[in-house]
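Student: Taking the hints into account, I'd like the entire structure generated from these sequences.
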Amino acid sequence: MANLPNNFGYFGPYGGQYVPETLMVALRELIDAYAKAAKDKKFKQELRNYLTEYSGRPTPLTFAANLTRFHKGAKIYLKREDLNHTGAHKINNCLGQILLAKRMGKKRIIAETGAGQHGVATATVCALFGLKCEVYMGEEDVRRQALNVFRMKLLGAEVHSVNSGTRTLKDAMSEAIRDWVTNVRTTYYLIGSTAGPHPYPMIVRDFQKIIGEEARRQILKAEGKLPDLLVACVNGGSNAIGLFYPFIKDKKVKMVGVEAAGDGVKTKRHAATMEKGKPGVLHGSYSYVLQSPEGQIAETHSISAGLDYPGVGPEHAWLKDTKRATYVSVTDKQALEAFQALARYEGILPALESAHAVYQAMRMAPRMSKRSTLIVNLSGRGDKDVNTVLERLGSNLKGGRK
Amino acid sequence: MSRQLRQLLQQAQRNRNPLFLPYICIGYPTYAASLESAKGALRAGAAALELGVPFSDPIADGPTLQKATQISLNRGTKFTDVFRMVKDLRKAGFTQPLLVMSYLNLVEQYGWVRFAQELSRMGGGGAIVPDLPLEQFEKPKKVMAQKGLSLIPFIAPTSSPDRVKKADAQEAPFLYYVSVTGVTGARKRLAPGLLAALRKLRGKLKTPIVVGFGISTPAQAGQVGKVANGIIIGGALVQLISKTKVSRVGKAVETFCRQVVDQLK
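In order, the protein sequences belong to chains G and H. So that you can map any letter, position 197 of the first sequence is 197 in the numbering used here, and since no number is skipped, the others follow by simple counting. So that you can map any letter, position 205 of the second sequence is 607 in the numbering used here, and since no number is skipped, the others follow by simple counting.
None of these hints come from the bench; they were simulated from the model. Check the hints yourself; a few may be wrong.
Unchecked claim - Per the computed footprint, the stretches of chain H lying under chain G, defined by three or more beta-carbons under 8 Å from a beta-carbon of chain G, are:
1. 450 to 464
2. 468 to 482
3. 527 to 534
These figures come from a predicted structure and were not determined experimentally. The C-beta atom is built at its ideal place from N, Cα and C for all residues, glycine as well.
Tutor: This is the structure we're talking about:
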């Protein structure tokens with residue numbers, strides 16, 4: 001399973017390249033360029049340097065002592081992707097892909113973004129390498145994540161507000177694909193998630209697997225054994241696959257992906273693609289999709305702008321079907337609870353996306369033995385979400401400590 | 403039905419007499435109006451029709467068609483309305499080939515076998531699926547062929563010579579040549595280099611070529627018709643419909659299509 005995708009970009013039945021003919025040549029070009037780069041020692045060394053000296057890797061594995069004590073169960077470790085430059089794991093992939101784009105001689109970069117973290121990371125690497133950057137973002141997300149929009153502009157990117165469809169990430173991605181179809185000869189499309197046509201799900205995973213590689217070394221050093229459980233939030237699934245992938249062969253390590261249940265999976269307002277969706281084609285890839293019985297893509301909801309894509313990366317779909325990983329969901333309310341818990345107990349404001357994973361860890365830790373360990377991927381920091389949380393909790397939240 | 407389409411295009415290829423295959427968005431602005439548009443186009447001498455099913459995420463379409471499909475979806479257009487339209491057009495006595503234009507997910511969810519059954523039962527001719535790559539053609543092509551239906555491959559300005567060859571080898575009634583590197587929609591000018599590219603392809607392919615995306619006016623249609631076996635107009639028709647009173651849509655489409663057909667003579 002660790003050798004997937006196959007040559008045609010499939011993980012079992014999932015993945016593939018379901019895109020207009022105009023793009024097929026560009027995908028071929030990308031496959032070839034990536035294959036060459038992946039074998040090139042100079043490329044790998046250059047990427048390693050940027051990850052270390054620009055983004056600040058390796059990120060720490062923090063033992064959450066207070067949270068562990070409170071839940072009286074498994075030892076909870078946090079993989080601190082929030083401590084990356086730009087505040088989330090997204091930069092890992094952006095550094096890799098921008099070096100690739102540079103090798104391919106592309107001068108213009110486009111990207112889609114939901115919460116704005118991938119947009120910010122893309123704008124950042126474009127600033128670093130002096131490339132033209134245009135980011136597509138749904139109108140609704142532009143409103144919810146105004147601060148990230150401003151950050152992108154400060155970094156020199158142009159932000160296009162997309163007002164078609166549901167005005168969120170899925171529509172931003174559709175619009176980015178349309179731009180790419182039009183400007184394919186000059187433009188590099190820097191996808192931020194393990195979604196989209198082959199080779200993107202593979203490339204993004206490969207650039208994110210450093211999360212799991214580091215975590216594996218770090219936990220072995222701290223505990224002398226592999227963890228019993230890995231937990232990460234999943235939407236497109238880049239941070240989760242980054243943590244999971246290096247452990248896939250370690251059959252004893254359980255892996256749980258956490259999707260956004262929004263108002264609850266029994267309502268219509270959620271984004272639990274694997275729990276409630278069925279296989280279909282969205283944005284070039286065959287995977288689980290939230291859709292109507294006819295196949296129209298469904299509207300979704302999550303308190304977290306980074307978790308409301310109605311699809312999921314094909315590798316996750318395959319991990320689910322083969323039962324190597326399990327997928328659960330956490331509601332807006334529960335994520336908010338975890339957001340506050342991590343702030344109070346550990347002095348860390350997690351991104352609302354990551355708070356979904358934290359909640360799942362809090363749910364599972366008490367049911368595990370004290371000798372066991374789990375790692376939560378803290379994929380991003382919560383500064384960008386403070387406004388949203390304020391709206392939900394109200395400004396008369398009681399401070400102080402008992 | 404597939405055979406009829408094939409013969410039409412082969413004839414067009416032999417006689418150097420290009421055909422007109424307009425695109426109609428089902429349910430835009432209403433089902434009844436789109437049926438009238440289809441009838442108008444067929445009365446005007448369209449050789450065949452493309453019946454577009456609206457999809458929530460049309461990645462190959464520009465703003466005009468995005469808007470039209472959104473309006474159609476909001477009105478409650480169903481995937482099965484395409485069968486209804488084929489049936490209604492047959493009932494009205496039109497005999498031209500009718501092709502379904504749909505994004506892949508809708509057909510996948512309906513099921514290819516069921517889709518082919520229904521379409522052939524109603525008298526349809528085949529399907530055009532813009533996000534189904536050549537690599538995945540074989541299975542659905544077989545399912546369609548069993549019901550006498552065809553599946554139309556695309557080629558684009560960016561297609562490599564070996565991909566063009568592969569498309570040509572599908573033995574389809576025609577190849578859908580995407581005239582621009584870009585999405586659907588009317589444009590003021592034809593894509594630079596289009597005519598030269600088509601001239602170059604012409605002698606090399608055994609399959610007839612039909613050109614679509616970005617052809618807007620009867621005059622442009624006439625120009626492209628000189629170097630292709632057929633042309634498709636979609637975005638410009640949708641624009642025309644958007645500016646016309648619902649009750650006059652059929653007549654307006656007929657008048658426009660007649661101008662195009664005249665230019666192709």
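Student: Could you tell me which of the hints above the structure violates, numbers in ascending order?
Tutor: none
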